[in-house]
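Engineer: These are the residues of each chain, in order.
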Amino acid sequence: MNNKDFISALARRSRFTTRVTQQLVDAVVGELSARLEDGTPVAIANFGTFDVKKKLERIIVNPATGQRLLTPPKLVVAFKSSPALKDDIQEKGGRS
Amino acid sequence: MSNDQRVNLQQLASSLNRQSTLSPNEAENFITQFFDVIRESLVAEKIVKVRGLGTFKLVDVEPRESIKVGTGERFIIEGHSKVTFTPDPVLRDAVNRPFADFETVVVNEGVDLAALEATEPTELPVEDELVDAPDLPVDEPVEPSDVATTKDSVELSEVSDEGTAQEESDDDLSDEADDETDDEPVDVPVDESVDVPADEPVDELVVEPVVEPVDEPVDEPSIESNDQCDDNSLKPKGSPVAVPLVGQPTGDEPDEVNDEPEPQTPQSQKPSLSDEAPASADEKSTHVKKAAVVSHADVVEVANYVRHSDNTSHRHRRWTGCLFGLLCLILGYVIGCYFPVKMPTLISNEQIVNFLQYINHKIDDFSSSLETKQDTIQVVDADVQDVGVPESKFDSKSDSKPDKPKAATSASTDSKPVAKSESKSSVPVKSSRTNYPQLQGGAYEIVGVEAVEAMTAGKTLLNLSIKYYGSKDFVDYICVMNGITNPDIVPLNKELRIPALQMK
Numbered sequence: 001m002n003n004k005d006f007i008s009a010l011a012r013r014s015r016f017t018t019r020v021t022q023q024l025v026d027a028v029v030g031e032l033s034a035r036l037e038d039g040t041p042v043a044i045a046n047f048g049t050f051d052v053k054k055k056l057e058r059i060i061v062n063p064a065t066g067q068r069l070l071t072p073p074k075l076v077v078a079f080k081s082s083p084a085l086k087d088d089i090q091e092k093g094g095r096s
Numbered sequence: 001m002s003n004d005q006r007v008n009l010q011q012l013a014s015s016l017n018r019q020s021t022l023s024p025n026e027a028e029n030f031i032t033q034f035f036d037v038i039r040e041s042l043v044a045e046k047i048v049k050v051r052g053l054g055t056f057k058l059v060d061v062e063p064r065e066s067i068k069v070g071t072g073e074r075f076i077i078e079g080h081s082k083v084t085f086t087p088d089p090v091l092r093d094a095v096n097r098p099f100a101d102f103e104t105v106v107v108n109e110g111v112d113l114a115a116l117e118a119t120e121p122t123e124l125p126v127e128d129e130l131v132d133a134p135d136l137p138v139d140e141p142v143e144p145s146d147v148a149t150t151k152d153s154v155e156l157s158e159v160s161d162e163g164t165a166q167e168e169s170d171d172d173l174s175d176e177a178d179d180e181t182d183d184e185p186v187d188v189p190v191d192e193s194v195d196v197p198a199d200e201p202v203d204e205l206v207v208e209p210v211v212e213p214v215d216e217p218v219d220e221p222s223i224e225s226n227d228q229c230d231d232n233s234l235k236p237k238g239s240p241v242a243v244p245l246v247g248q249p250t251g252d253e254p255d256e257v258n259d260e261p262e263p264q265t266p267q268s269q270k271p272s273l274s275d276e277a278p279a280s281a282d283e284k285s286t287h288v289k290k291a292a293v294v295s296h297a298d299v300v301e302v303a304n305y306v307r308h309s310d311n312t313s314h315r316h317r318r319w320t321g322c323l324f325g326l327l328c329l330i331l332g333y334v335i336g337c338y339f340p341v342k343m344p345t346l347i348s349n350e351q352i353v354n355f356l357q358y359i360n361h362k363i364d365d366f367s368s369s370l371e372t373k374q375d376t377i378q379v380v381d382a383d384v385q386d387v388g389v390p391e392s393k394f395d396s397k398s399d400s401k402p403d404k405p406k407a408a409t410s411a412s413t414d415s416k417p418v419a420k421s422e423s424k425s426s427v428p429v430k431s432s433r434t435n436y437p438q439l440q441g442g443a444y445e446i447v448g449v450e451a452v453e454a455m456t457a458g459k460t461l462l463n464l465s466i467k468y469y470g471s472k473d474f475v476d477y478i479c480v481m482n483g484i485t486n487p488d489i490v491p492l493n494k495e496l497r498i499p500a501l502q503m504k
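So the protein sequences, as listed, match chains L and Y.
All residue numbers for the first sequence refer to our numbering, where the first residue is 1 and numbers rise by one.
All residue numbers for the second sequence refer to our numbering, where the first residue is 1 and numbers rise by one.
Excised from the complex, chain Y in its bound form (with noise of 0.2 Å):
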């Protein structure tokens, strides 16, 4: 009757009254001698078992020692029984009606560490892929599809798309390079490659992985080719190319840009490299090899922070971006197919002997980086500090961004070599322009000298473009301005014109 109060024997007995014959007193003396049994009969024979309500036992305690703890004296508890009252089923399951429909779950939460832990072991079958068939961007999809499957059944079904079609796979990436443009800014100092940080934050950890270990296997792939032949320096440019493209901060990149250079490129690269110069990817092989591992390695942990945030938006995003990244791939073949002709011109000895040193600083850095895998940040600052190879990855981007048109032809088309001279040269082009170079495709104008600063050891681009802007994506402006080609190869001491920027 009344909830909040306890009700005694005394009220238990006139609601017996009621429901029977007896009178209050002998409802009453009943429930008393109900009770006074029970007692009796525990005391007598340790248990007692009454039906409907449960079952009273004695349970002897053990003696035991403790400390009161007024004065910290220790003492024995002595031995006693006591009075223990297991409900009967019925009543048991009456009193937790409320609670009845609730069913132990188990608990998934252990999925993240089982994620991160699954993550690194497949990084390195990657690598495996790319080394053995550099040619398949398939498989390099495949692999970070695997990361990505045990955090999302999305992803890898993305996976399995761009496994099945490139050109689907060339889909998703530029839906993720889309995306990456707007998280960039976060992640960028996270190391060499400014593609892998764009991606990163753009995307689920997947992505990044998928992308980078394309991006630099098809690139890097063609520098290496260019060290070991000179004849394929094309290619190098072409890597740098497809970084910017995957990095565009902006996202306001004309078109054609969007087409190749974006970060799906990798792959889409990748297939179009396959079908226009297979011998390209045979050189790849090597260096990719390494890039891919170190890049992985890196991108995998990143990934790993950033991947459970975005994976619901990255499933809305597939479908759109597949279509979008067919076309971009159409858009870039055709504009491949007619530059080819002017390539040949932008290429000069000078460029391609930069190029060859940009590249065995490169292989220095991957070796380097191989060793302290585990450690992204870490290498990451090594490789600024010995090499600068991050900055080069933003300097790829910054080129690219300015010679996406070109990276496209070349990457489409057979010219590949033109398209290494057109990176490098395209800078200097499109500096003199205006009193000041400008970044083509940037948000911002440069319109002035903001300092200069001189490049000191333990200074990199990727640092001083966030002291000055903030943010790491002007690193491509600090190149622009000071006409750095190779953001890997900036000369100790060299005095540094840091731009005023203007927004467009």
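Chain L on its own, in the form it takes in the complex (with noise of 0.2 Å):
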């Protein structure tokens, strides 16, 4: 499903127009997206959880040519579903 089809479903869903449910989508995403920048985790109940974890600095080693990297560290999201979605899926999702 791509960003359409979310926006398409969720419109039928709120009752609101693809194009406002377009716009407070975003709004809603940069609402989370503001959060995270400042390091703040996001919790959504019965969902899951949006973190922002650092990567430290580490030693990579090509393996084709044996070259050292140093690549820097870094800040990245994580995201951690919840219990309640992890048993959403394995209930109905499951396995294919």
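Keep in mind the hints are simulated off the structure, nothing from the lab.
Where a beta carbon is used, it is the ideal one built from N, C-alpha and C, also for glycine.
Each hint should be verified, as a subset may be incorrect.
Calculated lysine-lysine pairs in the BS3-like style (CA-CA distance at most 30 Å, straight line) [unchecked claim]:
| # | chain 1 | residue 1 | chain 2 | residue 2 |
| --- | --- | --- | --- | --- |
| 1 | Y | K57 | L | K55 |
| 2 | L | K80 | Y | K82 |
| 3 | Y | K82 | Y | K68 |
| 4 | Y | K49 | L | K80 |
What the simulated footprint calls covered on chain L by chain Y, stretch by stretch (three residues with Cβ under 8 Å from a Cβ of chain Y suffice, anywhere in the stretch; the number is not a length) [stated by the list, open to error]:
| # | segment |
| --- | --- |
| 5 | 1-14 |
| 6 | 74-86 |
Starting from two chains that each stand alone, build the complex the way the hints lay out.
Structural biologist: Listed below in structure tokens is the structure:
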């Protein structure tokens, strides 16, 4: 499901137009991103937690050339699904 | 807003409420629906992409076997699906903005190992060069420089300079030698040649290799020549002299001494020798080769350890050292011109015979050392025990100090044979000065006999020096005290008087 499908599905659910829905989604995502940029975890009940984690710098080796590279530290967004979401997936989604 | 606290759906809703026309309830409902849709779509389609946020995806996890931590019982984790989230590039970059300026950098740490590896190969070429053109000091310095280059660009540049102008090379060496003087005590134990240890500590390894090869070729070749041709006896002396010069621990030595004797001297002497006595260079070649090879290997190993620490200081000393070395060369040449006349009287048949014996021992040592190149320390020990080669170097050192002026003359002037005799004769002459023989140019005065030690198997002058004085640098005093002219040859069970020293 791509973004278009997602917006249309959400529009049906929320009874907004897709255009308004897209605007609202952008607002929500923008707010979510702003929190994450501040390093604040965002927890959504029954869905999961968005968190920002710092990955330390490290040395990687190019297996082909043996060249050693120092990769800088970085901040990444981590998502941890809530138990409710996990259960939901196991029950309904399951393995194909 | 609050950095420490988690933000929940309600807080998001209130923010959304402020940004939009939605009421708080509508905002909250919308956000709830937002994630519900994601969830349901995820279950239905296994992948949901939200622009600006990222991609949620269901990933199947294969069943796998595991062990319960508590009981050690094996069980199977059933296959399941888990949610993965890949942030949209926009979000990813926004979050990583604080670290965005960092870039991946190639690590250069491997340099050390590479340098070590590179060093050994370079050594061999150096030997070849020496053999081919013993007369050319330039070649030798270049080789060491090659080794050094891997480690330091600066060193390389120096080497190149040396190659261009012998004088410059000499200067560099002198600089190094000066540096070495400070560090000498550290490395002394290392090996056969005093020069090597001194050089190594002082500077970068690079320098040392150069110096050693040069010294040995210059000095030893002459010695060998003596073996082969007595005529060249003078040269051998010159070599010992040069060695001492290099090793000069005190640094107090007269300017004259510094001029030629200094470590750089090996190179500087070479040029002078070549100019004055080209024949000597030819004779040198064979022995020089061996010596150079051995010394090189040893030096290189030692150098590897030392290199890093010395690199920075080396550069600054370079230019000043060049000027100083040039000055020394000129001075040495002048002195050499005036001294040749005196020299012949000093030489005696006994001295020549001793010298030949010394040379023979050296040759044996070299041959043995070549076999065991890689193990410097062991080689040194073996040499010490067998022939005392290392000691011989030390002796040469000691001799050189007293004889420095003479040595310089010998090197600079044509009367090389004279120089030989001088080095040997000089010690006794000096000793006559006071009740006890004194080491010329030494920082200490021999004021008495501290102990008497029999030279039994396994003992070396170096060991005794370390035992009684805590430093290898005092071998010269022991030699002077006991009239040992060739530290490599000390009669078994000889009673050695260990001098009591007093700072001058």
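Engineer: Of the numbered hints stated previously, which ones are contradicted by the structure, given in increasing order?
Structural biologist: none
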